[in-house]
Amino acid sequence: MITAPFDYEAPESVEEAIRILHENGEDAKLLAGGHSLLPLMKVRLAAPTVLVDLRKIPGLQSVEQENGGWTIGPMTRHAALQDTSELGVVARAASLIADQQVRNRGTIGGSLAHGDPASDLPAVLLALDGSVTARGPNGERSIPAADLFQDYLTTTLRHDEVITEVRLPGLEGYGFGYQKFTRRAEDWAMVGVCALVSRAADGSCADVRIGFTNMGPTPLRATAAEDALRGGQLDDASIRAAAAQAGEGTDPPGDLNATPEYKRHLARVLTRRALEEAVSL
Amino acid sequence: MSAIGQAMRRKEDPRMITGAARYTEDIQLPGMLHAVVVRSPEAHASITRIDTAEALERDGVVAVLTGEDMAGDFAGGLPMVWAPAGVEIHTPDHWPLKRGEVKHVGDPVAVVVATSRHIAVDAAEDVIVDYDPKPVVVDPEAALEDGSPLVWEQFGTNKVHEWAISGGDIDAQLAEADVIVERRFENHRTSGAPIEPRCSIGEIRGDKLTLYSTTQIPHIARFVFSGMLGIPEDQLRVIAPDVGGGFGAKLQTYGEECLVLALAKRLGRPVRWVETRSEHMTTSHHGRDQVNYVKVGAKSDGTVTACQVRIIADLGAYQMLLTPFIPELGFPVMGGCYRFPAIDLHFTGVFTNKMCTDAIRGAGRPEATYWIELTMDRLADELGMDRLELRRKNFIPKEEFPFETALGIVYDSGNYHGTLDRLLENFDLSEFRAEQERLRGEGVYRGVGFSTYVEVCGLAPSRAVGPQGVGLQAAFWESANVRVTPTGSAIVYTGTSPHGQGLDTSFAQIAGDILGIDPQNVDVHHGDTDQGAWGWDTYGSRSLAVGGEAIVRASQRVQEKAKRICAALLEAAPEDIELADGKYHVRGSPDKSMTMAEISGAAHIPPNELPADIEPGLEESAFYDPENFVFPFGAHACVVEVDAETGKVTVVRYVSVDDCGPAINPMLIEGQVHGGVVHAIGQALYEQVVYDEHGQLVTGTFVDYALPTAAEVPPLETDRTETPSPVNTLGVKGVGEAGTIGATPAVAAAVLDALSPLGVTELDMPLTPMRVWQALESAGSGGAA
Numbered sequence: 001m002i003t004a005p006f007d008y009e010a011p012e013s014v015e016e017a018i019r020i021l022h023e024n025g026e027d028a029k030l031l032a033g034g035h036s037l038l039p040l041m042k043v044r045l046a047a048p049t050v051l052v053d054l055r056k057i058p059g060l061q062s063v064e065q066e067n068g069g070w071t072i073g074p075m076t077r078h079a080a081l082q083d084t085s086e087l088g089v090v091a092r093a094a095s096l097i098a099d100q101q102v103r104n105r106g107t108i109g110g111s112l113a114h115g116d117p118a119s120d121l122p123a124v125l126l127a128l129d130g131s132v133t134a135r136g137p138n139g140e141r142s143i144p145a146a147d148l149f150q151d152y153l154t155t156t157l158r159h160d161e162v163i164t165e166v167r168l169p170g171l172e173g174y175g176f177g178y179q180k181f182t183r184r185a186e187d188w189a190m191v192g193v194c195a196l197v198s199r200a201a202d203g204s205c206a207d208v209r210i211g212f213t214n215m216g217p218t219p220l221r222a223t224a225a226e227d228a229l230r231g232g233q234l235d236d237a238s239i240r241a242a243a244a245q246a247g248e249g250t251d252p253p254g255d256l257n258a259t260p261e262y263k264r265h266l267a268r269v270l271t272r273r274a275l276e277e278a279v280s281l
Numbered sequence: 001m002s003a004i005g006q007a008m009r010r011k012e013d014p015r016m017i018t019g020a021a022r023y024t025e026d027i028q029l030p031g032m033l034h035a036v037v038v039r040s041p042e043a044h045a046s047i048t049r050i051d052t053a054e055a056l057e058r059d060g061v062v063a064v065l066t067g068e069d070m071a072g073d074f075a076g077g078l079p080m081v082w083a084p085a086g087v088e089i090h091t092p093d094h095w096p097l098k099r100g101e102v103k104h105v106g107d108p109v110a111v112v113v114a115t116s117r118h119i120a121v122d123a124a125e126d127v128i129v130d131y132d133p134k135p136v137v138v139d140p141e142a143a144l145e146d147g148s149p150l151v152w153e154q155f156g157t158n159k160v161h162e163w164a165i166s167g168g169d170i171d172a173q174l175a176e177a178d179v180i181v182e183r184r185f186e187n188h189r190t191s192g193a194p195i196e197p198r199c200s201i202g203e204i205r206g207d208k209l210t211l212y213s214t215t216q217i218p219h220i221a222r223f224v225f226s227g228m229l230g231i232p233e234d235q236l237r238v239i240a241p242d243v244g245g246g247f248g249a250k251l252q253t254y255g256e257e258c259l260v261l262a263l264a265k266r267l268g269r270p271v272r273w274v275e276t277r278s279e280h281m282t283t284s285h286h287g288r289d290q291v292n293y294v295k296v297g298a299k300s301d302g303t304v305t306a307c308q309v310r311i312i313a314d315l316g317a318y319q320m321l322l323t324p325f326i327p328e329l330g331f332p333v334m335g336g337c338y339r340f341p342a343i344d345l346h347f348t349g350v351f352t353n354k355m356c357t358d359a360i361r362g363a364g365r366p367e368a369t370y371w372i373e374l375t376m377d378r379l380a381d382e383l384g385m386d387r388l389e390l391r392r393k394n395f396i397p398k399e400e401f402p403f404e405t406a407l408g409i410v411y412d413s414g415n416y417h418g419t420l421d422r423l424l425e426n427f428d429l430s431e432f433r434a435e436q437e438r439l440r441g442e443g444v445y446r447g448v449g450f451s452t453y454v455e456v457c458g459l460a461p462s463r464a465v466g467p468q469g470v471g472l473q474a475a476f477w478e479s480a481n482v483r484v485t486p487t488g489s490a491i492v493y494t495g496t497s498p499h500g501q502g503l504d505t506s507f508a509q510i511a512g513d514i515l516g517i518d519p520q521n522v523d524v525h526h527g528d529t530d531q532g533a534w535g536w537d538t539y540g541s542r543s544l545a546v547g548g549e550a551i552v553r554a555s556q557r558v559q560e561k562a563k564r565i566c567a568a569l570l571e572a573a574p575e576d577i578e579l580a581d582g583k584y585h586v587r588g589s590p591d592k593s594m595t596m597a598e599i600s601g602a603a604h605i606p607p608n609e610l611p612a613d614i615e616p617g618l619e620e621s622a623f624y625d626p627e628n629f630v631f632p633f634g635a636h637a638c639v640v641e642v643d644a645e646t647g648k649v650t651v652v653r654y655v656s657v658d659d660c661g662p663a664i665n666p667m668l669i670e671g672q673v674h675g676g677v678v679h680a681i682g683q684a685l686y687e688q689v690v691y692d693e694h695g696q697l698v699t700g701t702f703v704d705y706a707l708p709t710a711a712e713v714p715p716l717e718t719d720r721t722e723t724p725s726p727v728n729t730l731g732v733k734g735v736g737e738a739g740t741i742g743a744t745p746a747v748a749a750a751v752l753d754a755l756s757p758l759g760v761t762e763l764d765m766p767l768t769p770m771r772v773w774q775a776l777e778s779a780g781s782g783g784a785a
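Chains as they are written, first to last, in our numbering: chain P, 1 to 281; chain G, 1 to 785.
Same shape as in the complex, but just chain G:
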């Protein structure tokens, strides 16, 4: 039986749920010191004095260092890697410890190293820092106005960059439109908030440095940090042990990671830094924070003509790894599932005195899906058309795939009518409408919202995204090394390491099937730059579609060699050897067969019958650079109930149909959809990173930053269709972000549908009780008690 397609239980779970996993903070090294970072309480200020004398006097304190003290430890600052041709991106110096000025609350100004973390925390309170406060700006649109306080005076503006892309004749298509809908949307700031905060340990042995870190990107971290430290790459090893969630917050090269390396080098001892939850909320990069001005045109019959969007992105105070690129990352699907003949996009990045934004789950695509889907609803209302009819009319039909959009992007595959049809089989809309009407009579307000999304993932074809393409200074292929041991187990090395997705399981299923080995005997290795395959790490729902394909190819090569060995030993032709039911046998002679263990035994201890031209061993590698992205899609429906007196929104039902191609492991897909949808419900209803007008963070703990819990989420009704991608052998597409990308507009639209009899037509997320109540008050429908 094929392992691919089975809902196999996660191989990694027994160790993870019994406390036997090895997270970075579990690592204890002899003589390890503990670092605590002294951070700015000011949002914008000059540092006028740092007095470390008292902290140094405390017993157990080994070092207290400032940005100036460590100026010689770094050959370069923290990088930003997007350099599109012909575009100027203002990029200030960004050091692990700040020198001279701080630009946001939490900016690191000094580090205390001590023999215990407790001592280091106490000593950090002894460090006296004097600040001369400077004017603060926190609103991105205000930051663009003349006379705004400047985050960086050297640039003379808070504008970071502008970038634009256009396809089709936007002016003509707008002129053709009978109806034009315009709206402003806010996609507010959120946090990744993984259950495991960040932790980094720097170790030195001789001249070899090792970084253990909670990172999604050990390989990228190695070349970034070796460069920052001015050492050759061979002198730095980066290990990502078990990682307890990332959601993009660990797709970053953080100052603290390089700091523990510099400290280990300086002090000759291992140094560990552990992030507190408040530090995570303050200084792990945030996501979203965009204002979108959307203009969509359509003919009176509903045919869409033009999509024009101006995006203002609050990037915070510095540029981190991908900061200015994240809003643009969604551009290939800005236009959604719809056949727009013209699309015109313009992006403006803005500095503010806030933490930097960067990739958080979905990264650019949830923002886009939100405004596309809510605008389609509005357009339908303006046209007097049914909202789903308008979508169906404009969906790219499945016969037209691969489909080239107005922007020249080729959607690989799709069947948008199919997922919507399946959704409506699982969700009886007319029954809901009848119930909705009946409940309204009782003063109960329920609403349904729909989202039909397409997303772009499987990052990425290197030529399209790299230096001569979109301009990222990197490539995005993946590699794998597959080795069969003498007794027939397999070791798979992959360049992409999981942070919770279950790759140990899905990759074992893939390699096991191709090799003829039980997936339980396939051990998947990753996350260590000194072992196995080089890679470009995990993000952008790429691990399966790119990393998985590299494993397919390496495994196929091993299978080919296994067939040659088997053929030689069974005196048959290699092309006559078939793999079935875990055995390699001669076609037509099922009794003449060998197991992989027998073949691998012969490969490692070659018998005389094996021809000398077959090399010993059984191990192959493959590199894979995809020719195109993959484009998962789906249709979601959310039902909410709104308490019209208090404004409180409760999600009462969630029904989804996603299409990420053929399933490798349906249970893992379901888990990803669950997590993704709940993440989106969080953004729509609960979560928001809030700064006050002075740049002080208001939501520094999980009391104020309201993540949804199991009590807030109904059972999710998930379903799938399977439309294979032509891009890779397995036809697979990523699913780690799809739920987050698809779900926010469904939730928001459901609230608007519930409130439609009460005159509320517009609401910005998060749809908190007070915000909904205020909207009801403004509409004159506020519930009086």
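Bound conformation, chain P alone:
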């Protein structure tokens, strides 16, 4: 439980952080809340030679609403998200991450950049069609969630880019549900399902978005289930029919607690429950 040796830097600006990342190449890693990276370093599954701690950079912790959407600073702690109920499904999902001690330290930017499909916020960002703003040596760019998550623990962020903000669209009129299945309260999701539903004037389903946690190497959208429900009635039968298609085409890795078959079963059950939750709101 002792890390390999590493150097530690705590720059006071994003530019300085980018410079250190750029100069050290792939061996440098950003440190945000540390609740994913440090455990990996302690068991020596990760061994960066330089840690670039973001804690001294001002202005990275904020939750602001503008033009109907949300801009969230990357160092915003899960606990702050949890306490901002106006964030809807983001607040709900954040409140279910690990335990309060972890939520007091872990950050939204760190969770998204880590790209762990078993973490809760990546699937939520994907379902929300959110984006991150990344700044590197050549300036800033926006990366939509659909383009961010590339493979297991791998994102399209370049090694010398820093997430400077997380952007979420406004979701007035959407009901939401987040269903997280764990053995113990503090565990990573065995499977998680994020659902967002909006109703048309006639009560039918105007829009639906469903994101999966831990159903593959990246967070996924349940497109078949979404298509089955969109435009149709939001009654019990159609929700069941849509949920029955959840997990179709997914190939989740089996582990100690769940075979792929069981995970697909859970995806169907949890999708139905998340939709029921979303519709009743």
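Hints in this document: simulated from the structure, not taken from any laboratory.
Don't take each hint at face value.
Quick list of in silico lysine to aspartate or glutamate cross-link-like pairs, EDC-like style, CA-CA up to 20 Å [said to hold, decoys possible]:
1) P/29 - P/151
2) G/159 - G/139
3) P/42 - G/196
4) P/56 - P/7
5) P/42 - P/53
6) P/42 - G/704
7) P/42 - P/26
8) G/208 - G/234
9) P/56 - P/15
10) G/583 - G/518
11) G/208 - G/530
Nothing here was measured: the structure is a model prediction, and the numbers come from that model.
With chain P fixed as given, assemble chain G onto it according to the hints.
Relative to the frame of chain P, chain G by itself:
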């Protein structure tokens, strides 16, 4: 007011909860070096080469040593101490560092010693070890089949030993039975997982070695390690400082403990080794891992006739201190609370390429209670009888205690109907059944499970368990030394040292009452082989029933002397001196009295009035070897809710009634029951040590080894009855393991009860969501979404 029976707050807590406790890892010695063990990633292999050159080159590295390098440092290997007459137990050499072959993942092959732990960890990665892998066997039943890979070729078999015990005419009683229930049970492998991992420090000054260690057994460790090092016992002192939980995982003599001593001796400097959590999961002994084939017979009216059990115990790759004995340890209560006229038990130990098993909380008794109680449920179902009626019919009635079982074991005391009656006062079964029925209508599946257990503890009458009894090469008495200081405080030395039970408090209450001293002024000392009383340490819920009784006896002797001094000074007869309200006074003359401080002052600075035949000082010792074990018992009810779609089990209510005799401190009892029950909930639902078919450990961290947390456990509703034991003065029985022993079958039975309308009748622990879902699928009731 008597201190005994009061829910006094733990004297040790202020230091423990403010960070002022002194755990082994807190100890800093000048010039201390740090050891890290290089371990095998292979489950079974020959070591073909170890190259330490690169590691030695690293700055700060003092030594890198292999098993061959240290062959001369040890006069003997790690011992196993069970030698039953006429039974062969295959016991391979077991050295602190392996020589030639490794037998399980984590087997130690070399040690790196450096000036800091960080350097030692880095240098350990530089040690190059080449292995030639050999075939692996991890399943104990497969290991017994012809053609299985052999863990130890020298024995020609993976069978370690066989042991059997029988009482009554088992064949006749089986023939008498109208109904016979047979079932296979698995009691899976678990870890002790104390919050404090192991840590050991070896120190040398002149030719005197000191071991500071996270151990439950400093006294046993001293004679084991002095023997392994080939030095006289006086040259080794063993100190167990504050110990942060043990659960049996620290009832062991570990290779690393002897290794730091050998290294300190070799290098002339203190050497510390600290276990990582992954090392704990890999190389601190595991518990359980049994397969039980159970056969129970009964007459059609429900009267039980016979209990026949074959136990296959996976012992892992070596024999540790008590490894092959642990399955047998439960034999005195294999038959439970029930009057079986015939009991027949057969045990087979098996080698596999896994870490050794040994004592973990309950050690043999939780396994037994699990199959007894679930088999009684099954028997009731077969007979069409109510499950609790079947138990009541077969309970040993309280009038028949002490009761001799078919195995010749004498249960000291009991009132099994009493605890079950009390349980049903606290848990309204008919109300639950109505609610259960109503909820089923809503698709919510709740179930209740009951466990009525008896356990055996207070280890132990030495003659019954020792070399000429069951065959342990040890004795199990306890001793105490009680000293009153000149100003009237007391120092109690006990041979049994706590690892979290609160003995500093309960022992102070006992001695304080008998001496007439406020328990706050009674200081309890333990865990140091060079100070105070010799003893046989802490395990098997023995500290109070055996160690506490030794304190009672030593304290009574001090009280007697205090009365003689008081009588002489107050000019009365010793038999007329009474102790009441903290004062020694002359019977009938309450104004003529002395406090213990006054008496002890006179004992230490004798006035002329004190007769010369009264020796100065106020200190006495006592040794106590119990005549029998003690047998706590109880009745537990667990209510669970099962999500029939996902298979997830949630414990929604837990109600217990335990009987461990009169309470010394009810709050400590409640704490022990809480911990024990949660430990059992952990085994039933969450925890399992898992190896894959290659012998690789899958559950090496707390991410995968799922200990229950506060969020998984409902408030526990505990209650007690008090049936005194006739075995000791206070009538007390141990309670440290009772919850763990009693609770697993209640949880498992509750899940089966919840699932009964869905056709699931059998499930092995741990009852994980996937396992429950798979059972529902097989029964054709799987929740489709």
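Hints, one by one, checked against the model:
{"no.": "1", "hint": "P/29 - P/151", "in the structure": "18 Å, holds"}
{"no.": "2", "hint": "G/159 - G/139", "in the structure": "12 Å, holds"}
{"no.": "3", "hint": "P/42 - G/196", "in the structure": "18 Å, holds"}
{"no.": "4", "hint": "P/56 - P/7", "in the structure": "16 Å, holds"}
{"no.": "5", "hint": "P/42 - P/53", "in the structure": "17 Å, holds"}
{"no.": "6", "hint": "P/42 - G/704", "in the structure": "16 Å, holds"}
{"no.": "7", "hint": "P/42 - P/26", "in the structure": "19 Å, holds"}
{"no.": "8", "hint": "G/208 - G/234", "in the structure": "8 Å, holds"}
{"no.": "9", "hint": "P/56 - P/15", "in the structure": "13 Å, holds"}
{"no.": "10", "hint": "G/583 - G/518", "in the structure": "11 Å, holds"}
{"no.": "11", "hint": "G/208 - G/530", "in the structure": "12 Å, holds"}
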